[in-house]
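Got chain X sorted already, so can you dock chain E onto it with the hints?
Line order of the protein sequences matches chains X and E.
The opening residue of the first sequence carries number 36 in my numbering; numbering runs sequentially from there.
The opening residue of the second sequence carries number 173 in my numbering; numbering runs sequentially from there.
Hint data in this document are derived by calculation from the structure and do not stem from the laboratory.
Since we're looking at a predicted model, the values are computed, not measured.
Keep in mind that a hint or two might mislead.
As the list claims (entries may be wrong) - Estimated spans, in silico, between C-beta atoms of each pair:
no. : chain 1 : residue 1 : chain 2 : residue 2 : range
1   : E       : Y377      : X       : D67       : 49 to 55 Å
2   : E       : S346      : X       : D208      : 47 to 53 Å
3   : E       : K253      : X       : E152      : 27 to 33 Å
4   : E       : Y377      : X       : G165      : 20 to 26 Å
5   : E       : V189      : X       : D208      : 32 to 38 Å
Beta carbons: idealized from backbone N, C-alpha and C, even for Gly.
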Amino acid sequence: MSMYAIEILGLEKTYAVGFWRKRPKSALRPLDLSVEAGEVFGFLGPNGAGKTTTLKLLMGLVFPSGGSARILGMGINDPRMKAQIGFLPEQPYFYDYLTANELLEYYAQLSGVAAKERRRKVVEVLTRVGLEDVRGTQLRKFSKGMLQRVGIAQAILHDPKVLFFDEPMSGLDPIGRREVRDLMEELKQQGKTVFFSTHILSDAESLCDRVAIIHLGELRGVGAVADLTSSVEGKVEIIWHGGAVPASLQALTSKCHLRGDTVRAVVREANQDAAIDGLRQAGIRIISVTPVRSSLEEYFVRKLKPSETAAGVRS
Amino acid sequence: MSVRILHIASNTFREVVRDRVLYNLIAFTLLMSGASILVGQISIGIERLVVVNLGLTAVSLFGMVIAIFIGIGLVSKEIEKRTLYTVLSRPVGRWEFIVGKFFGLAGTLVVNTVFMAVGVFAALLYVSGTFAWADAWILVALYFIVLQFLMITAIALLFSTFSSPLLAAVFAFSLFVIGSFAEDLRGFAAMAHGVSRILATGAAYLVPNFSSLNIITSVAHQQPVAGEFIASNSLYALVYTAMVLCGAVLIFECRNLK
Numbered sequence: 036m037s038m039y040a041i042e043i044l045g046l047e048k049t050y051a052v053g054f055w056r057k058r059p060k061s062a063l064r065p066l067d068l069s070v071e072a073g074e075v076f077g078f079l080g081p082n083g084a085g086k087t088t089t090l091k092l093l094m095g096l097v098f099p100s101g102g103s104a105r106i107l108g109m110g111i112n113d114p115r116m117k118a119q120i121g122f123l124p125e126q127p128y129f130y131d132y133l134t135a136n137e138l139l140e141y142y143a144q145l146s147g148v149a150a151k152e153r154r155r156k157v158v159e160v161l162t163r164v165g166l167e168d169v170r171g172t173q174l175r176k177f178s179k180g181m182l183q184r185v186g187i188a189q190a191i192l193h194d195p196k197v198l199f200f201d202e203p204m205s206g207l208d209p210i211g212r213r214e215v216r217d218l219m220e221e222l223k224q225q226g227k228t229v230f231f232s233t234h235i236l237s238d239a240e241s242l243c244d245r246v247a248i249i250h251l252g253e254l255r256g257v258g259a260v261a262d263l264t265s266s267v268e269g270k271v272e273i274i275w276h277g278g279a280v281p282a283s284l285q286a287l288t289s290k291c292h293l294r295g296d297t298v299r300a301v302v303r304e305a306n307q308d309a310a311i312d313g314l315r316q317a318g319i320r321i322i323s324v325t326p327v328r329s330s331l332e333e334y335f336v337r338k339l340k341p342s343e344t345a346a347g348v349r350s
Numbered sequence: 173m174s175v176r177i178l179h180i181a182s183n184t185f186r187e188v189v190r191d192r193v194l195y196n197l198i199a200f201t202l203l204m205s206g207a208s209i210l211v212g213q214i215s216i217g218i219e220r221l222v223v224v225n226l227g228l229t230a231v232s233l234f235g236m237v238i239a240i241f242i243g244i245g246l247v248s249k250e251i252e253k254r255t256l257y258t259v260l261s262r263p264v265g266r267w268e269f270i271v272g273k274f275f276g277l278a279g280t281l282v283v284n285t286v287f288m289a290v291g292v293f294a295a296l297l298y299v300s301g302t303f304a305w306a307d308a309w310i311l312v313a314l315y316f317i318v319l320q321f322l323m324i325t326a327i328a329l330l331f332s333t334f335s336s337p338l339l340a341a342v343f344a345f346s347l348f349v350i351g352s353f354a355e356d357l358r359g360f361a362a363m364a365h366g367v368s369r370i371l372a373t374g375a376a377y378l379v380p381n382f383s384s385l386n387i388i389t390s391v392a393h394q395q396p397v398a399g400e401f402i403a404s405n406s407l408y409a410l411v412y413t414a415m416v417l418c419g420a421v422l423i424f425e426c427r428n429l430k
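The following block holds chain X by itself, in its conformation from the complex (with noise of 0.2 Å):
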C-alpha cells in the first residue's frame, strides 16, 4: 500500500464551452501532487483557481479528463476508499426537510455506520460541532453558520482516515472560525489526513504542515509554509545600538527606524554581508541580525501577478 495519504498523478480537467461551438476550457491541468497520511495539507488559491474542482475530481463528482488520483492507495471510485473519506463541500446546502438528528442518521446509514453505534455518534458528533440543542431542529430554520457546523458534523461522523473540506471557514463568524481551527487541530492529533481549500491564507499559514498554492488551474508552488516564505522573501533585519546609519548603508536600504539610541533596518539577503561591514567599519556595534519571514500572504501575492489575480478572480 501507498505510504501517502492522497496521490494526484497528472489529473486534469478540460470543459467543452459555448453552445453551438464548443471550444475546451482547462479548468485543471495535469496536476501532480501527494499528501502523506496525517499531514494538514492547504490547497490554496484565488476564487476560479481549480480548488474545488480538484476536490469534486477526488470525490468522483466530476471525471477527469487525464490522469489519475489514489486514496489511501485506492482509485478515487473505490467504495472502499469512500467508507474512510469525509467530504464537506464549498457552502453546503442539506436536506432541509430533515433535522439535524435526522440528516446525521441517514448519513451514517448511508456511510455504513452499524445500527447500535448510530444514534451515539451522532449526538457525539453534534455535541462536538456545538449542535447538541438544536439537533430536533429542521434544518431550513438554521443559520449559515450553523449548516457549515452540520457539514464538518457529517464529514467526520463516520470516523474517516482522511477528510477534504472545501473551505471550511466560509461562513463562519470568528469564534466559528475558531472552533473549526481547533477541531482541525484535534483531527491532526488523532492522525487523520486534511485536505482543504482555503483563500484565507492565515488559516493555511495557522494550520498546515504544507500547502499548495494553484491558480488558473495550475500548481504554482507547494512545500512547508517556513520552506515557501523563505525562499522567496530573503531580506533580514540588522539592529544595532548608536543613532547614526553610515552612508553606506543608506544605499543599501530605504527602510531605517530609530527609536532611541537604537537602529533597526531590513535589507535584502544579498546585501547582508555588505551591510554588516560597512556597520562594522564605521564602528557600530551590531545587536542582531535575523532573517526576516514573510507572511504566507506576501509569497502569495507575489507568486500570483496583480494581473493574474485579477484574471482568477473574475473567472
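This is chain E only, laid out in the frame that chain X set:
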C-alpha cells in the same frame, strides 16, 4: 437489493411526504364526497358507473401529476442544491442513488393510491349501498394505474438526469399524452408504407403504451379482465420501467456534477 437503496428510498419518501404532497388526498376526498352526493341526486341507475369512472380517473390524474412534478426534480434539484455531493462522496453508487430515488417516489405513489382506492370504494358503497363481485376488477384497474405510475416516474427520472426541471416536465408530460394514444399510434403506423412505416412503428413502440393500461371504462361497466392481459401488461410495464431506469442510470453514471 442494496441496503443503501432502501435508505435513499425511505429518505425520498420522507422528502415527498414532508413536501406536503399527500395533501392532495384532501382534495381527492372532497372531490369524491362531492361527486358521490351529486351523482346520487342527478343520476338514475348509473351512479356506480359515474363514481367508478370519476374516481379512477382522478386517482390516475392526481398520481400522474405527482409522479411528473416530483419526479422531474428528483435528481436535478439535488444537483442544483448540491445535496448530492455529500451523498455521492460516500460509498454510494450513482446507480443506487437513481434506483433509490425511483423506489422512494414509487412507494409514495403506491401509498397515495391505496388511500385514494379506499376513497373510491367508500364512494361506491355510498352510492350503491353494497359491493358486487365485479367490483373486484376495480382493483385490477388500480393495479394498472400503479403500473403507469412506475413507468412515468422512471420517465420523469430519466429526463431529470440530464435536463432542467422545466424541460423535463415538458418531455414527461408530452410522453404521457402521446402514450395515452399509443394504440392509435400503432394503428396509424400499420397503415403507413415503406420507410415511414418503419419509423412510425418504431416511434409507436418507443413511447409508453398507457392506453393499454387504461381499463377504467371497462371495469366501470363491470367487464372482467383476462389473466393473460394482466400478465402481459405487468410484464410490459415492468420491462419498460426497467429499461428507462437503465437509461437514466447510464446517463447519470457519465454526468459531470459541475
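Evaluation of the provided hints:
The given range of 49 to 55 Å is respected by Y377 of chain E and D67 of chain X, whose C-beta atoms sit roughly 52 Å from each other. Remark: the range hint 47 to 53 Å for S346 of chain E to D208 of chain X is upheld by a beta-carbon distance near 50 Å. Against the hinted window of 27 to 33 Å, the Cβ-Cβ separation of K253 of chain E and E152 of chain X comes to about 29 Å, which satisfies the hint. For the pair Y377 of chain E and G165 of chain X, the beta carbons lie near 59 Å from each other, so the given range of 20 to 26 Å is not met.
Our hint of 32 to 38 Å for V189 of chain E and D208 of chain X holds, since their Cβ atoms are close to 35 Å apart.
The earlier numbered hint that this structure contradicts is number 4, and it is the only one.
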